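Protein chains: 2
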Amino acid sequence: MLELKELKEQIDQFLEQQMPSDIDQPTLASSMEYSVNAGGKRLRPALTLTTVQIFGGQLNQNVMKASTAIELLHTYSLIHDDLPAMDNDDLRRGKPTNHKKFGAGMATLAGDGLLTMAFQWLTDNQLPTETQAELTLALAKAAGPAGMVAGQARDIEGEHQNLTLEQLRYLHRQKTGDLLSYAVLAGGIITKQDSTTKNLLADFGAQFGLAFQIYDDLMDVVGTAKQMGKAVHKDASEHKNTYPGLLGIQGAEEQLHLALKQAKKTQKKLVDKTGHDFSAYDQFLAYFKL
Amino acid sequence: MLELKELKEQIDQFLEQQMPSDIDQPTLASSMEYSVNAGGKRLRPALTLTTVQIFGGQLNQNVMKASTAIELLHTYSLIHDDLPAMDNDDLRRGKPTNHKKFGAGMATLAGDGLLTMAFQWLTDNQLPTETQAELTLALAKAAGPAGMVAGQARDIEGEHQNLTLEQLRYLHRQKTGDLLSYAVLAGGIITKQDSTTKNLLADFGAQFGLAFQIYDDLMDVVGTAKQMGKAVHKDASEHKNTYPGLLGIQGAEEQLHLALKQAKKTQKKLVDKTGHDFSAYDQFLAYFKL
Chain P
1 MLELKELKEQ IDQFLEQQMP SDIDQPTLAS SMEYSVNAGG KRLRPALTLT TVQIFGGQLN
61 QNVMKASTAI ELLHTYSLIH DDLPAMDNDD LRRGKPTNHK KFGAGMATLA GDGLLTMAFQ
121 WLTDNQLPTE TQAELTLALA KAAGPAGMVA GQARDIEGEH QNLTLEQLRY LHRQKTGDLL
181 SYAVLAGGII TKQDSTTKNL LADFGAQFGL AFQIYDDLMD VVGTAKQMGK AVHKDASEHK
241 NTYPGLLGIQ GAEEQLHLAL KQAKKTQKKL VDKTGHDFSA YDQFLAYFKL
Chain B
291 MLELKELKEQ IDQFLEQQMP SDIDQPTLAS SMEYSVNAGG KRLRPALTLT TVQIFGGQLN
351 QNVMKASTAI ELLHTYSLIH DDLPAMDNDD LRRGKPTNHK KFGAGMATLA GDGLLTMAFQ
411 WLTDNQLPTE TQAELTLALA KAAGPAGMVA GQARDIEGEH QNLTLEQLRY LHRQKTGDLL
471 SYAVLAGGII TKQDSTTKNL LADFGAQFGL AFQIYDDLMD VVGTAKQMGK AVHKDASEHK
531 NTYPGLLGIQ GAEEQLHLAL KQAKKTQKKL VDKTGHDFSA YDQFLAYFKL
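Respectively, the protein sequence lines represent chains P and B. Residue 158 in the working numbering sits at position 158 of the first sequence; the count goes up by one each step and never skips. Residue 346 in the working numbering sits at position 56 of the second sequence; the count goes up by one each step and never skips.
I should point out that these hints are in silico values taken from the structure, not numbers from a laboratory. Mixed in with the good hints there might be a few duds.
Between beta-carbon pairs, the in silico distance windows are [to be verified]:
id: 1; chain 1: P; residue 1: S30; chain 2: B; residue 2: R383; range: 32 to 42 angstroms
id: 2; chain 1: P; residue 1: Q58; chain 2: B; residue 2: G541; range: 51 to 61 angstroms
id: 3; chain 1: P; residue 1: E159; chain 2: B; residue 2: N452; range: 39 to 49 angstroms
Computed from a prediction, not measured in an experiment: that's the story for all the values here. Note that beta-carbon positions come from the ideal geometry of N, C-alpha and C, so glycine has one too.
If we strip away everything but chain P, and leave its shape as in the complex, we get:
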């Protein structure tokens, strides 16, 4: 069983080696690779690959390709999110954002290329076609206009409105939760689990995703730019709706603990349902240090 740190290394290496052969224009390649190789935490593909391992699956070339596709998609969402027309951020993972380095036109194309390439990687491998098709549909739903993109639209629209807690949860479920939910679910699709198990995996991912977003909001308030590798205190200055903004720091911390408690409950249900050892998920739940 490879742990988070080793998985990150394998994912970094796979992305670096695999990308160049699928891009056929030099500046576009530089721009796409710049952001993908900027060294994120690789949480999403690591969630998929950990889940695959829990069910006894091998991390071969086909599984790596299908599982790292989500990192391409996640990176596209960051590049487009940072654009001048969106959040207008200059710094990401401690480096200039894509459009700061390559211009907004090329950054738009780099994002478009990564999003499209994600679906290429889901199907350009030797996994069974029913697995490829199921992954494609699940990712498209999670990332599309009823998932992540809807959450981003809601985020833009909500900037100058005061959302209720329920509205904020819904926004984040779409914007962050759906993709993290897919990340865990994908491990179940790849290893062909039954639908009850797949639903539990998706639940765990959604609960992890909620915790993740609350934590991110909290860090924007209490973290430093150096810790985060990006600008902090941006949310308040941009009138973003956040958990600490709505509930205060203590209230947001309570919500975070609640989400983690639910995720642990689902983790236990998965053990009961499948008989497998899900303690590898503890590495992800340990992410939230306050």
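Keeping the supplied structure of chain P fixed, place chain B upon it in accordance with the hints.
Okay, now just chain B, sitting in the frame of chain P:
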């Protein structure tokens, strides 16, 4: 056999009815639907559906959904192409461009949503999973960073360079040809043709695509804004590389005739190989009126 005009009506209707249920944010929905329902010629899905019909396939709900996905993808490419950071166009199909109406942030998201939804539609239907997976891979390759997006990157990069005819052809093969090639190929994938036939279909699409791009360049020089529904004489003012710019109007017309001649040759090869009647393709070849 439904003809081009009837196909366009069916496609318009299908898109209008199908889209709302897959979008979960009101402004995003308005923005996506605004551009998709702006009434394009629907050439790409019509090429797929015509090919399906030639091989005796039925235009049922599943085939309609998988075949109209390309129109979502094509529309995304227009929205992003028009953005201020790209071509900065104000007018498209005789109406304000998406970002003029919804702002550049929402227009970026509308494009992202349409691109993602295209892959959703390829897999959210009852076609066999091997067909869904084959369509997904073919579309991702055609539209991705070794296809359409690479062509767009090349276009941006080439604006202040003088390209050779060979470089210009390569750019357009990626930017326009690959997607039109996919449009024809998709009809062969849906009706499960052998690989020789699928290669011929892809060839026909690529040759049609080349003719299409030369024609579009010519119309930018000799057409009027009213005919075209968009600004003309833009290419020269933006130092775009074009066929008339490189070869003169007469030279570009010769290249157009050559591309059409090759497409007709491939059309005949398809008849010889399959025994089917490909005269329905004549409707598409009749598009190029000088």
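Now for the hints, and whether the structure bears them out:
1. Checked against the hint of 32 to 42 angstroms, the pair S30 of chain P and R383 of chain B passes, with Cβ atoms roughly 34 angstroms apart.
2. Distance hint check: the CB atoms of Q58 of chain P and G541 of chain B are about 57 angstroms apart, consistent with the given range 51 to 61 angstroms.
3. Distance hint for E159 of chain P and N452 of chain B: a CB-CB separation of about 45 angstroms, consistent with the stated range 39 to 49 angstroms.
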